[in-house]
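All chains, please: the whole structure from these sequences, using the hints.
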Amino acid sequence: MSTRKAAVIDMGTNTFHLLLVELNGVGFKTIYKEKIPVKLGQGGISQNQLAPDAQKRAFHTLKHFKNLIDGEHIDQVFAFATSAVRNAENGEDFVTRVKEEIGIEIHVISGEEEAQLIYEGINLSGSLNGHVNLMMDIGGGSVEFIIGTSQEVFWKRSFEIGGQRLLDAFHYHDPILPEEVEKLEAYCGEKLQPLIEAIQFYKPTGLVGASGTFDTLTDIYFESMLQCKLTGQHVFELPREDFERIFDLLKSKNREERLKIPGMIAMRVDMIVVASCLIEFILRYVPVESIVCSHYSLKEGAVSRLLAEKSAI
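Here this note's numbering is used: position 156 in the sequence shown is 156, and no number is missing along the way.
It is possible that part of the hints are untrue.
[Unchecked claim] Simulated crosslink set (DMTMM-like; lysine to aspartate or glutamate; CA at most 20 Å straight-line):
| id | residue 1 | residue 2 |
| --- | --- | --- |
| 1 | Lys35 | Glu22 |
| 2 | Lys156 | Glu113 |
| 3 | Lys35 | Asp93 |
| 4 | Lys191 | Glu241 |
Think of the hints as simulated: they come from the structure by calculation, not from any bench.
Here it is as structure tokens:
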């Protein structure tokens, strides 16, 4: 069976991911992966700009990724950018410069495409069952919600209320104040009205969270249970009561104290509080006993496209 190599670059608002894979027709093997907290949205996202410092960090990281890709002699590269670049007035200039100076062509994907790729990634992980699930992926710039089963998507939408945006708008005190949490939840109630209506219509019975915040929440949970995640496991369960316990912990601590929580990582420490507020809000509408956490998301969705030989991302 012939194998071929491919690279996926997911340029998120907060984190850049590189995934180098070997495709063998039916599945894939990860050769290498890396994530770097570029914070592309920092200092500009609320003004729809990519700040100069953020661009500098992005260039530095993309050059590093390009070296790794070239080192593996990979010529099939899929690079895509999401919310921060999608909404930035200087996003097009940034994309042009990356092509000219580094030789990476970036696809700026729409919120709809992003939601679809996240669904495909979650589905590839084996997180879905025959039931109707609400899937969510909390990015730095946008949050994607999908309602569907392993067979089909009933509804999907991207909302520009990601972690960096919520952080800029509501998290002024550390630890976060109860009234800041209240304001954030009221804001979500306003912005997520179409989602709430879709939940009432399709009545999902399960909640699946994709990567990012959910990875860190499950890491904290596993550490607290003194357990290890198994290598090669892509789906984890986070009981509702344990999520609530962790959420109370996160709300009561400042940044320095949060960093000391076993399982916490530095790149997630700022955004995890507002992201958890959003999860708490969603649990009002999908009151599950445990949250299914998929380690696969957007970049694995891109890999599933490559496996299906549809290279039009």
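Here's how the hints hold up against the structure:
1. Lys35 with Glu22: Judged against 20 Å, a Cα distance of about 18 Å means the pair holds.
2. Lys156 with Glu113: Holds, at about 10 Å.
3. Lys35 with Asp93: violated (24 Å)
4. Lys191 with Glu241: violated (27 Å)
The structure does not agree with the numbered hints 3, 4 stated previously, though it agrees with the rest.
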